[in-house]
Amino acid sequence: MGISPVLWQFLIKWLTHSALFPPEASTAAPWMDSLYFFLLGMTVTGVVLVAIIVTTFSLRYRKSVHPVATQIEGSTLLEATWTIIPLGIFLIAFVWGALLYFRIYTPPVNSMNIYIVGKQWMWKAEHPGGQHEINALHVPTGQPIQLTMISQDVFHSFSIPAFRIKREVIPGRYSTVWFQATTPGEYHLFCTQYCGTNHSAMIGTITVLSPEDYKKWTEESTSGMSLAQNGERMFASMGCNACHSGNAAARGPSLAGVFGSKLQLTNGSQVLVNEAYLRDAILNPSQHVTAGYAPIMPTYQGQVSEDGLIDLVEYLKTLHTDYRVQQTLTTSDSDQAAPPASEVVKP
Amino acid sequence: MSASSTTILNLPDQSTAQVPKKNFITAEHGLLSWLLTGDHKRIAMLYLISITVFFFIGGAFAGLIRLELLTPQPDLVASDTYNKLFTMHGVIMVFLFLVPSVPATLGNFLIPIMLGARDLAFPKINLLSWYLYIIGGTLVLTSLVLGGVDTGWTFTTPLSTHYLNTHVITTATAIFVAGFSSIFTGLNFIVTIHRMRCPGMTWFRMPLFVWSHYAASILMVLGTPVLAIAIVLVALERLVGIGVFDPTKGGDPLLFQHLFWFYSHPAVYIMILPGMGVISEVISTFSRKRVFGYTAVAFSSVAIALFGFFVWEHHMFIMGVSNYSALVFSLLTMLVAVPSAIKIFNWSFTLQKGSITFETPMLYAFGFMGLFTIGGLTGVFLGSLGMDIQLTETYFIVAHFHFVMVGGMLMAFLAGVHFWWPKMTGRMYPETLSKMAAVVTFIGFNLTFLPQFILGYLGMPRRYHAYPPEFQILNVLSTAGATVLGIGYMLPILYLAWSLKYGAVAGDNPWQATGLEWQIQSPPLTENFTTIPIMDHEAYDYDWLEHKTKQEVTTVG
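Protein sequences, first through last, are from chains A and B.
Residues 1 to 347 (our numbering) are what the first sequence spells out, left to right.
Residues 1 to 557 (our numbering) are what the second sequence spells out, left to right.
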């Protein structure tokens, strides 16, 4: 056989660089894989069983061997057997799967939060310390990480096969998933929900670093402003502090310490203030009026981007006192301060 | 009776035999006699021709998709074109091929005859349903010619409502109209099965083919209107922005998915149940035995139809639905898998102590059992909540539903077409060639879709125009398989067309089957029966058939 050496090398490269099983790079991966092998075993057993039954009967009862068929009505015992045994196996798959599902979708309380914003056709990652990444995500090993994700336009889906996690990224609401990386390296990030023209280009690289390397990375790549600091700036520039000033006569409720508290609304319901509630209260204030206040806040729908909302939410999460709010000049005050100056300039 | 020990095929003496001069095909002449017919058999033929055309259009798109995926780079077509290809492939294959495939062709042709009736309950509505189908099909082709649509067959909002400027409304209208065609077919079947059974044809004497169509009809009538509602809302959202699915207007984008899958999950059973009916008939005939546990098989069809309505949320496990509702839907999904398992085992045990022969329909039926078993069991992966996180939206799901829809339904459809071909046309297809086609299809299918399971666990997302280079070898295998599969599907169309003129004359009952349809001439008369038969025996009663044949021989001889 005279196979061209070029072709040979090509074949070798091709065969050695092809994947058959995804790398295991998170704590969830071994859990997922054991369930996968259980289900794979079930499938192979089932198919082999059917194949054996059909082949055996086909050989033993083919017409040349067994010219006249014997009529059988059925057998309740046999039928009960092949109802109950598959049902039992399927129920094991159900329980096992449910345990895994709750594990992957219930973040531990000590997890570090990173925000993900999906848009056609890129992923933006926002670290609380002010690191911003596009189509990339750096994470440390050994630390549970929660992703709080939202889409700016259509449905996307955030999938890291090596971590065995995936979650839909939905417009208009936060969805969360968590993982704990175990092996440093680079892994694929895919958008798995069809999202238009460049769906297959909405991919990225997950870089898993050791805790020391991660610390180095965070220091080197910070933008200088944390998300909360950005949020504080927005809070002032949009004039939020004019009403939410914490003064006794303020038109809006004080927001210090509001995150995590239970809030009484005018419609009588009580809500737990979390990220989703804060975001919704900024966009649809009339639906979420705190008891004792008038529904005068305008909607900010279309005026704040998802990134801006994340900044605001992060700011409100860290707001424990109104001191700095009251020290900041509100936009309306600065308006009032301005006229004398302009009168001076006018001839 | 046939003397051969390897076949039950019993053809009349070819030197004297001829196809009956008077039959439903020769009853009237001219194109108009077909286009204005009320005869269920002629309408079935119209459907058979039209769905075959759409199958090959959809198949061509599949071929282009696989060709593009031969290389990791996006090099054959542009991304938008690729997105249009898989959208059109899905829309055409689901709505214009799979949903009407067995019910509108074989079901239409056979249900009245199997029940001993002269036609369906509403012949004109039956014709109307074909016209609606053609209007839907024409609209799909229109949107194709105008530039196509790239929503994916699932029409996910807000992508389909706000972000695409392709022909979404034309395609949506097409699906809306084609949906009514399926509602009317279902309605017609339900009324016919309830009201038009011949004397003695009790519910439990009906062939299982009829039972499975009854279950599928219930799904069509109850499920399709919900799809119509979802589609209308998408159109309204696009045209006037009513905001039902738009979060900035207080709508909920997930609502669309609930509505869509409320139809589209039962639609899976609309597609597969009639196929299961075909398999019951074929396996019984070629093993000369009553179907093992007739009642269990009949009721498992109805159970699938009932449970089928309460599992739709398993398409949305990762979409932020409540964890506890996911729990309920996962459990129900596991329950719906059980009746399918029951059927597979009942068919297997039908072979036990039979007298089995291996003609083409039987080979396709075996193919169905193998592929459907894999398709069904991989469904359990996806129903298992945690596993679904890794597998959903990847090639695993593509492989799974192709195993069920193509491996299952298309195999069943081909088994049925070969089985009833002599009844429909009066002529036999070439036996060796058709056996070869069945084997080629089976091999090609496995080569195409088994690698996709591996790709899915690796995480390759579906609907990807380009992919990382380490996935290439599996994609090359899959494309190679698709080529073999393509040949497997081309062969039947060629030799079946050939057989229309040159095939051996089949006679009334070439398979010596027991169904009422085999006791009349092939092709049947327009009125099916000269006198309405009286059903005095169970379905699949081979002793009755033998007795009857003996009597005929004595009387004639």
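In short, the hints are calculated from the structure, not lab data.
A virtual CB, placed ideally from N, CA and C, is assigned to each residue, including glycine.
Keep in mind that a hint or two might mislead.
[To be verified] Here chain B is said to cover these stretches of chain A; the calculated rule only asks that three of the stretch's residues, wherever they fall, bring their Cβ under 8 Å from a Cβ of chain B:
#: 1; segment: 47-53
#: 2; segment: 122-128
#: 3; segment: 148-157
#: 4; segment: 169-179
#: 5; segment: 187-199
#: 6; segment: 206-218
#: 7; segment: 224-238
[To be verified] Every beta carbon over 10 Å from chain B, so not counted as near; a handful from chain A, in silico:
#: 8; residue: S4
#: 9; residue: H17
#: 10; residue: A242
#: 11; residue: R251
#: 12; residue: Y277
#: 13; residue: N284
#: 14; residue: G302
Hint check against the structure, violated hint numbers in rising order = 2, 6, 7, 9, 13, 14
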